[in-house]
Amino acid sequence: RGLLGMVSKRRKLLQYLSINSPGNYTKLIKKLGLKK
1 RGLLGMVSKR
11 RKLLQYLSIN
21 SPGNYTKLIK
31 KLGLKK
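In the UniProt record's numbering, the protein residues as written are 1 to 36.
Keep in mind that the hints are not guaranteed to be accurate.
Straight line, CA to CA, 30 Å or less: simulated BS3-like cross-link-like pairs of lysine-lysine [as the list claims (entries may be wrong)]:
#1 9 / 27
#2 30 / 9
#3 27 / 12
#4 30 / 12
#5 31 / 9
#6 31 / 12
Label-pair ranges, simulated between beta-carbon atoms [what the hints assert, rightly or not]:
#7 33 / 8: 18 to 26 Å
#8 1 / 23: 30 to 38 Å
#9 6 / 31: 14 to 22 Å
#10 24 / 1: 27 to 35 Å
In case anyone wonders, no lab produced these hints; they're calculated from the structure. If you're wondering where the values come from, they're calculated on a predicted model, not measured in any experiment. Virtual Cβ for every residue (Gly too), placed ideally from N, Cα, C.
Let the sequences and hints guide you as you build the complete structure.
Below, the structure written as structure tokens:
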């Protein structure tokens with residue numbers, strides 16, 4: 001349960017970033033090596 005909460009929180013944060021600062025978002029995605 002705790003893990004799921006953390007994951008959903010991170011997803012919300014990433015959504016927020018992608019809307020408010022797409023540049024930082026893409027940089028972060030590349031740095032973390034996430035595929036979106």
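- request: Starting from the hint 18 to 26 Å, judge whether the C-beta atoms of residue 33 and residue 8 obey it.
  value: 20 Å, holds
message: For residue 30 and residue 12, compute the direct alpha-carbon distance and say whether it is at most 30 Å.
response: 18 Å, holds
query: Can the restraint linking residue 27 and residue 12 be considered satisfied, given a maximum Cα separation of 30 Å?
result: 17 Å, holds
query: Does the structure keep residue 9 and residue 27 at a Cα separation of 30 Å or less?
result: Holds: residue 9 and residue 27 sit about 19 Å apart, inside 30 Å.
query: Under the criterion that the straight-line Cα-Cα distance not exceed 30 Å, is the pair residue 31, residue 12 satisfied?
result: Roughly 18 Å between the alpha carbons, so the hint for residue 31 and residue 12 holds.
query: Between residue 6 and residue 31, does the C-beta distance stay in 14 to 22 Å?
result: 19 Å, holds
message: Is 30 to 38 Å respected by the C-beta to C-beta distance linking residue 1 and residue 23?
response: 34 Å, holds
Given pair status - residue 9, residue 30, alpha carbons within 30 Å: Holds. Residue 30 to residue 9 sits at ~20 Å (cutoff 30 Å).
- prompt: Holds or violated: 27 to 35 Å for the Cβ distance of residue 24 and residue 1?
  reply: For residue 1 against residue 24, whose Cβ atoms are near 30 Å apart, the range 27 to 35 Å holds.
message: Holds or violated: residue 31 and residue 9, Cα atoms, limit 30 Å.
response: 19 Å, holds
Of the hints listed earlier, there is not a single one the structure fails to meet.
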